[in-house]
Amino acid sequence: MSTQIVTTDVLVIGGGLAGERCAIEAATAGHEVLILSLVPPRRSHSCAAQGGMQAALGNCVMADGDSPDLHFLDTVRGSDWGADQEVARIFADEAPLAVRELAHFGVPWTRVKGGRNQYFIKGEKVEIDEHEDTDGLIMHRDFGGTAKWRACYAAAATGHAALYAVDSQVARLGIEVRDRTEAVALIHDGENCLGAVVRCLRTGTHFAVIAKATVIATGGYGRIYGQYTTNAVINEGTGASIALDTGIVPLGNMEAIQFHPTTLAPSGILVTEGCRGDGGYLLDRDLNRFMVEAEPEKQELASRDVVCRHMMQVIRDGKGVNASFGPHLWLDIRHLGEEHVTTKLREVFEICQNFVGLHPAHDLIPVRPTQHYSMGGIRVNKDGEAYNMSGLFAAGEAACWDMHGFNRLGGNSLAETLVAGRIVGMRVADYVSGWSGDVNTSTALEGVAAAEKRSRDWLEREGSGPGVYEIRDKMGEIMLHKVGIFRHGDELAEAVSDLRELAEQTDSAVLKSKAPGMNPELTFALRLKGMLKLALCVATGALAREESRGAHHRSDFPKRDDHKWLNRTLARWSPGDDEPTLNYEPVGLIDLPPGSRGYGGAESIDMSISIGEHNDAVIQEQTAAGRRDTLDRMGSRLRPGEWSDAQHGLENQ
Amino acid sequence: MNEQSRGSSPRTLTFEIFRFNPEDPESKPHTQIFELEEEPFMSLYIALNRIREQFDPSLQFDFTCRESICGACGMIVNGRPALGCKTLTNNLPEHITLFPLPVFKLVGDLSVDTGTWFRQMVERTEAWIHPDKDFDANATEEKMSDELSQAIYEGDRCIECGCCIAACGVANVDPEFLGAAGLNRVARFIVDPRDKRTDSEWFEIVAGEQGVFACFGMMACEDICPKDLPLLEVNAYLRRKMLASRFAASNS
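Those sequence lines, one after another, are chains A and F. Residue numbering for the first sequence follows our numbering, starting at 1 and increasing by one per position. Residue numbering for the second sequence follows our numbering, starting at 1001 and increasing by one per position.
If we strip away everything but chain F, and leave its shape as in the complex, we get:
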């Protein structure tokens, strides 16, 4: 166990935090400094709550599960998008800057509206199973190999935190770009045989101006993904799939 700081004197951390409350006509975007003594196992979840409760109760940020499964707490930590809950201060220098994720609409301070962005992505790509028959309440489930199920699960693990979107050079210029999270979501359904959409339907969704070919290939998404999703592989898979389906269409 990393019971850090035991025996030695704890560090004093300096937090430089972006502040702006759109609901307050007096509020102007600025950064504010807070100092906090480091504790063992201190995550940004613990640190930000301490700051709010001890120094400034108006500080806005989002946490829900605080265990890196809900995706609520994406923020820019020392220049890199990350989940606040699983970022431990002992992995950071003494000076810590925190900014809200770009691309998404600001709610206030570190809090951004990821819900609206992801719902529109789900609607645009129709990110739900398109089956060829209705659910039969009396039937046994259809069989599927465990290997295939695990492959679907691999893509299904995305928690829609928005870190890859915030890190994306394209999404920062064009918020309509599907981004790694959107493309990964589509790929998850392409891999799933329960979804009966055809190659040309997938082509419409993925190959448009805001689809996979809009990606510059800088791949910051894969570097920062808090769930370690294989986003580079997903990107390559989608490109291959789209090109193959286009060749098949032009040859027929």
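So that you can see chain A by itself, here it is in the shape it has in the complex:
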């Protein structure tokens, strides 16, 4: 049977919000686009985003005075100054447009109700009169780490509503989607990416897609934490893996892993931050609101990294609730009342009913922190271009575009998928319009042959080696216990060595099933080595980074170190190596100088050079790396100091 080769202008790998929004932009520009997706696109993990999408529309009273300036400041502080500030600026400026575009696509955003409204703010019941002239505008709710109410929402199914609206546009434009397919390798010549080798998850057969531009939008890789994640079972880092496999494309800040404070115990199912945004409390076993003492200013609405650390400390101090599956804490939203719980938090109500049989208007919800989001990913510049390979782009959680740095604020990821999808889509469209390369089918055919051999090798391997699920479970335990919320050099060193051993064992692992077709065990086995490599990038990056920044907390180095570590980790994996090679680049141009986040109370070590000297060095380094042209083409979007009026307004309130 001859190998099937499909050609297209743009190949988008991943049918979630980022990939589909990118596809819409490229298709609207007149290019042929093909989307590959592990599952039907409407089942992508974007649908699981619950509570909201951040955009500074400033529509309700508690959002009065909000602006992209304040959104920018909150995002950089949330990132603990790990973000690329130019990207954070682009993002904050564009987010309102993304929310309004979704309204145009049909998202049923919750709206402002003019007149008397009742809210819960910092434990108090408050009555606020919404201005009659804002009645019917898009409403906001409070989320962690923000100066204003900013999260736009459709009950607690914001991701679902957004994904259905965007996918309906994909259908309108007639963009082809091949679901149940997996890109298993990139086709490239060491300089240019020319598509991907694809495995069909219905039949197990392989084919090649040759494309002028390839976009990876495969989401996060939370499943390297085994069952200890809120992520869907498909979030196994397939896109990051195939980029790493090139040997030259780096992944950025892989050690920056977010845990979510409130996931249902024991299943790890997400319970939205909107619960705390709408006035919910965290309680210890004595029903004490420990966050009030820990963070008097922000209370339950400090950033996720800070709330998780307080929760873990409470559990370590023996004040967790003991259950057969381990200790947990309580989330209390009973005081919000039945109507609020069953409408504005409807999906939370359903989850509690379905999975633990309780009613959150009457019962406490058992919660504990669980892995939730990957701030790191395929490092791209602000146009979404991967380093060291032209024609390769990434967007969304799969990318390290880097607006999140070392901690993402709740509601910023949903907004990122649409903002980045559109911007990267525009750049992809330009790139394809100017494309003048050769289509060489032999590289593609070699790629298909190599992928077929990998499957055959797994099916033919015999012996007494370990099973693939056994290795996966061990990986999850290592990641949770040694590369978790509190990290220490000794444990991280153990994790690196344990993971290397598991990676080695994978080479002799044996399948129990030789079934023809997609064979679910083989499908997982083909991803396992890649997952271990990603886990090793996380663990080695975490071991090397001797400071605490955002979600990366080292109990042996508790201070943020802006003298040594105001930089981004880049991890490459050279063929034949058993560990990644780590390099570092500056975080990018700085507008908001490093300082206090306003929560978390951690100490830091100051920069030893001025912001001006830092920025000059960034420009020099980017020029030397040949990335200056990107800077110039878009022009820097930073508007130095322009946020200071907004900041002063906040301080004078």
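FYI, nobody ran anything at the bench for these hints, they're computed from the structure. Misleading hints may appear alongside valid ones.
[Said to hold, decoys possible] Anything over 12 Å on all C-beta distances counts as not near chain A; from chain F, calculated:
#1 Ile-1033
#2 Glu-1035
#3 Ile-1096
#4 Val-1173
#5 Ser-1200
#6 Phe-1213
#7 Gly-1217
[What the hints assert, rightly or not] Once the Cα atoms are required to be at most 16 Å apart in a straight line, the calculated EDC-like pairs of lysine to aspartate or glutamate come out as:
#8 Lys-564/A to Glu-613/A
#9 Lys-474/A to Glu-1053/F
#10 Lys-113/A to Asp-133/A
#11 Lys-529/A to Glu-504/A
#12 Lys-113/A to Glu-132/A
#13 Lys-113/A to Asp-1146/F
#14 Lys-564/A to Glu-603/A
#15 Lys-482/A to Glu-494/A
#16 Lys-113/A to Glu-1142/F
#17 Lys-514/A to Glu-1053/F
#18 Lys-1143/F to Glu-132/A
#19 Lys-512/A to Glu-470/A
#20 Lys-514/A to Asp-1056/F
#21 Lys-1143/F to Asp-135/A
#22 Lys-529/A to Glu-579/A
#23 Lys-1196/F to Glu-1126/F
#24 Lys-1143/F to Asp-133/A
#25 Lys-514/A to Glu-1026/F
#26 Lys-514/A to Asp-1024/F
#27 Lys-514/A to Glu-1023/F
#28 Lys-1143/F to Glu-130/A
#29 Lys-512/A to Asp-1056/F
#30 Lys-113/A to Glu-1147/F
#31 Lys-512/A to Glu-1053/F
[As the list claims (entries may be wrong)] Example chain A residues on the side facing chain F (calculated, C-beta under 7 Å, incomplete):
#32 Pro-108
#33 Ile-138
#34 Arg-172
Glycine is no exception: its CB is placed at the ideal position from the N, C-alpha and C atoms.
Guided by the hints, dock chain F onto chain A, whose structure is given.
What follows is chain F alone, placed relative to chain A:
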């Protein structure tokens, strides 16, 4: 919290599962028995993964979010379509039979191709907003009352799991029938004032041979809908709307 089974000895569950791998020339449709000890909070997501990992790694089934929002895991559980992830074994007898959803093309074992069916439904009904103007990037959003927004959201909540289609007497005979999920999707756009399609355009979409009047009214869809969508109300709304628009057309 329902920490069931605590203190008493756990049940042994017997799973009778449909097996057929279309990619394997040797494979014939049959059922296979697996036994598993019940655990607290055990859902079919947990049980099926245990079976695959401990007994038969070739077993095919679909889960994605495992929290009843993605709609991937529709299957026939003891004769009724349901989402596997939110079906807890403590609500089931000891003998549990699992079959793939009918109507949809079988991928293998419990896995069916819902993606293709729903994409064609979306294309046939043009299930996207038909606005009367282009998006204006510089404009504030158009106002909409929160009550109306909630009404649109109510229909928008469908997760396209396919359970209503599998339960439908008409869809099982005519796979082209729009079914409850398709009709609900159309109704969601009729209710939405941002969609400017006219009554006669809606009539073309909804009132044809495979539209709302093809429904026998058995309403199994509403009984089994995992999201508790008011499918009976939607059906009645569409019938009223279609008849009203026909009367209006014949009177003018």
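Hint-by-hint comparison with the structure:
1. The claim that Ile-1033/F is not at the interface with chain A holds, since no C-beta of that chain comes within 12 Å of its own (minimum 18 Å).
2. Every CB of chain A lies more than 12 Å from the CB of Glu-1035/F, the least distance being 18 Å, so the non-interface label holds.
3. Against the 12 Å criterion, Ile-1096/F stays outside the reach of chain A, whose nearest CB is about 18 Å from its own CB.
4. Under the 12 Å C-beta cut-off, the non-interface status given to Val-1173/F relative to chain A holds; the minimum distance is some 24 Å.
5. Every C-beta of chain A lies more than 12 Å from that of Ser-1200/F, the closest at about 21 Å, which supports listing it as non-interface.
6. No Cβ of chain A comes within 12 Å of the Cβ of Phe-1213/F; the nearest lies about 25 Å off, and the non-interface call holds.
7. Interface exclusion of Gly-1217/F from chain A stands, the closest Cβ pair being 28 Å apart, more than 12 Å.
8. Restraint check for Lys-564/A and Glu-613/A: satisfied, since their Cα atoms lie roughly 15 Å apart, inside the 16 Å limit.
9. Distance hint between Lys-474/A and Glu-1053/F is fulfilled; the C-alpha atoms sit about 14 Å from each other, no more than 16 Å.
10. Taking the CA atoms of Lys-113/A and Asp-133/A, the gap is near 10 Å; set against the 16 Å cutoff, the hint holds.
11. A hinted pair counts as satisfied when its Cα atoms are at most 16 Å apart, and Lys-529/A with Glu-504/A qualifies at roughly 9 Å.
12. Between the alpha carbons of Lys-113/A and Glu-132/A the distance comes to roughly 8 Å, so the proposed pair stays at or under 16 Å and holds.
13. Under the criterion of a C-alpha separation no larger than 16 Å, the hint pairing Lys-113/A with Asp-1146/F is consistent with the structure, at around 7 Å.
14. With a C-alpha separation of about 15 Å, the suggested pair Lys-564/A and Glu-603/A falls inside the 16 Å cut-off, and the hint holds.
15. At roughly 8 Å between alpha-carbon atoms, Lys-482/A and Glu-494/A fall within 16 Å of each other, so this suggested pair holds.
16. Taking the CA atoms of Lys-113/A and Glu-1142/F, the gap is near 14 Å; set against the 16 Å cutoff, the hint holds.
17. Distance hint between Lys-514/A and Glu-1053/F is fulfilled; the C-alpha atoms sit about 14 Å from each other, no more than 16 Å.
18. The hinted pair formed by Lys-1143/F and Glu-132/A meets the criterion: a straight-line CA distance of about 12 Å does not exceed 16 Å.
19. Between Lys-512/A and Glu-470/A the alpha-carbon distance is near 12 Å, which keeps this suggested pair within the 16 Å criterion.
20. For a cut-off of 16 Å, the pair hint linking Lys-514/A to Asp-1056/F stands: about 11 Å separates their Cα positions.
21. Taking the CA atoms of Lys-1143/F and Asp-135/A, the gap is about 7 Å. The hint holds against a cut of 16 Å.
22. Note on Lys-529/A and Glu-579/A: the hinted pairing holds, with a Cα-Cα distance of about 12 Å set against a maximum of 16 Å.
23. Using a Cα cut-off of 16 Å, the hinted pair Lys-1196/F and Glu-1126/F holds, with the two alpha carbons roughly 12 Å apart.
24. About 10 Å separates the Cα atoms of Lys-1143/F and Asp-133/A, which keeps this hinted pair within 16 Å; it holds.
25. Between Lys-514/A and Glu-1026/F the CA atoms are separated by roughly 13 Å; this keeps the pair inside 16 Å, and the hint holds.
26. For the hint pairing Lys-514/A with Asp-1024/F, the CA-to-CA distance comes to about 11 Å; that is within 16 Å, so the pair holds.
27. This hinted pair checks out: Lys-514/A and Glu-1023/F have alpha carbons roughly 12 Å apart, not beyond 16 Å.
28. At roughly 15 Å between alpha-carbon atoms, Lys-1143/F and Glu-130/A fall within 16 Å of each other, so this suggested pair holds.
29. A distance of roughly 8 Å separates the Cα atoms of Lys-512/A and Asp-1056/F; the hinted pair therefore holds under the 16 Å criterion.
30. Distance restraint check for Lys-113/A and Glu-1147/F: the Cα-Cα separation of roughly 9 Å lies within the 16 Å cut-off, and the hinted pair is therefore satisfied.
31. Restraint check: the Cα-Cα separation between Lys-512/A and Glu-1053/F comes to about 9 Å, which is no more than 16 Å; the hinted pair holds.
32. The restraint placing Pro-108/A at the interface with chain F holds, with a minimum CB-CB distance near 4 Å, inside the 7 Å limit.
33. Checking Ile-138/A against chain F by beta carbon gives a least distance of about 6 Å; that is within 7 Å, so the hint holds.
34. Because the smallest distance between the Cβ of Arg-172/A and any Cβ of chain F comes to about 5 Å, under 7 Å, the interface hint for this residue holds.
In terms of the numbered hints stated before, the structure departs from none.
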